[in-house]
Amino acid sequence: MKAERESVFGLVASVLMCATPIAFLTFEFMLPNVSYPGIGKNLLVILLLSILTGIPAGLLNKKTNFAIVSIFLYTIIGYLLAFLFYMFPFVAYNANLAIPGLYYAAFLRFTIVLVFLFVFGGIIGVVGGQYLRDSVGRVETKILWGEKPDT
Amino acid sequence: MARKEWFGLNRAVLVLTVAFSLVFLAFSVTSAVTYSKINLAQEQIVMENEKRVAEILPNGTLFIGFSVRIVNPSEYVIHVASISWYSEVLNGTSAIPLASNYTTENLGVTIAASASTDLAFGWFIVGDLFEQLKGFINYSDSKGVVYTLLTAPYAHSFEFRGWLDDFKHDYLRENYLNGLVTVDLRYTYGLGET
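Protein sequence lines correspond, in order, to chains L and S.
For the first sequence, the working numbering gives the first residue as 1, with consecutive numbering after it.
For the second sequence, the working numbering gives the first residue as 1001, with consecutive numbering after it.
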């Protein structure tokens, strides 16, 4: 039961915290000239940051299936968050649409390719994160339970 | 003991992930606020006091002019890309070009943030062009339409294009990004606009 609670905590924590990089990367890809810092629509940088984003999901989730689910969840939440930021001037300031005609469809059209990149990078990151978690566990076990050197 | 160590790792991961997350949240909010400010600036930057002038000088020369005020209440400097003005007399299906003025980006003209700038253009109509204009007025008279040098159907077209601050604006494929940081103000008079 406790282990299950820990798994759910890991899932929720990784989903909430990994969603913001996804949101920024999506927003930046859509509007690179007004975003800070500007990545300049560089797909390699986006992939590397996606991998980096996946690492905490791998570290925080002991179960691999939870880690994989967290990738999909944080990608969806991050993407929706980016859409909210995209709507921000029109919702918060009641501004006129900056790009008239198919404004919201344009967002989907320009950024949908990133979703695949986020999931792909996320899987690589999760694998790395879980490998790191296992490695640390092995080292800890060896330190705690291994043979002590003679003093 | 082992659990404690594991929590040590988890805690470190959590702190780093929270920091990572907050940094990107700050980037996102900053970018969204900038996006909003640009959108509002697009609405706030306007033209005022458009004035058209047709005047006969003491030496008999005709002076055609146009003046306008560009109001920039936003916090962004406008880097002028081009300012163009031309005036003509419409003659049914054709026109007699009278005056034109074009300023390009190379001149480095800017309009400061939270400031207004008055622009004025003028042209002296002399020589053949003046004779052509008088010919048009005489011909119109013969057709029953009475014009004078001051009341001839002068048409004006003015366009002001600029870039907001230093935001990148030279995208080739993504034209919407150029449009996002472009100020484009147009004024036409007598060209059949409704």
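Honestly, the hints are just simulated from the structure, not real lab data.
Be a bit skeptical, because a hint or two may be false.
Stated by the list, open to error - Some chain S residues close to chain L (C-beta under 10 Å, calculated; not the full set):
1. Thr-1017
2. Phe-1024
3. Lys-1037
4. Leu-1040
5. Thr-1148
6. Thr-1151
7. Phe-1167
8. Lys-1168
On a predicted model such as this, the values are computed, not experimentally measured, just so you know.
Positions of the beta carbon are idealized from the N, C-alpha and C atoms, including for glycine.
Does the CB of S/Phe-1024 sit less than 10 Å away from some CB of chain L? holds, 4 Å
Chain L contact restraint for S/Thr-1017 - C-beta distance below 10 Å: holds, 4 Å
Next item in the hint list is S/Leu-1040. Is there a CB on chain L closer than 10 Å to its CB? holds, 6 Å
Minimum Cβ distance from S/Phe-1167 to chain L below 10 Å? holds, 5 Å
Does S/Lys-1037 meet its interface restraint, that is, does its C-beta lie within less than 10 Å of any C-beta in chain L? holds, 8 Å
Have a go at the S/Lys-1168 hint: is there a Cβ in chain L nearer than 10 Å to its own Cβ? Holds: closest Cβ of chain L sits about 4 Å from S/Lys-1168, inside 10 Å.
S/Thr-1148 as an interface hint toward chain L, with CB separation required under 10 Å: violated, 43 Å
Holds or violated: is there a CB of chain L closer than 10 Å to the CB of S/Thr-1151? Violated, because the Cβ-Cβ distance from S/Thr-1151 to chain L comes to roughly 38 Å (cut-off 10 Å).
Hints 5, 6 from the list above are not met by this structure, while the remaining hints are.
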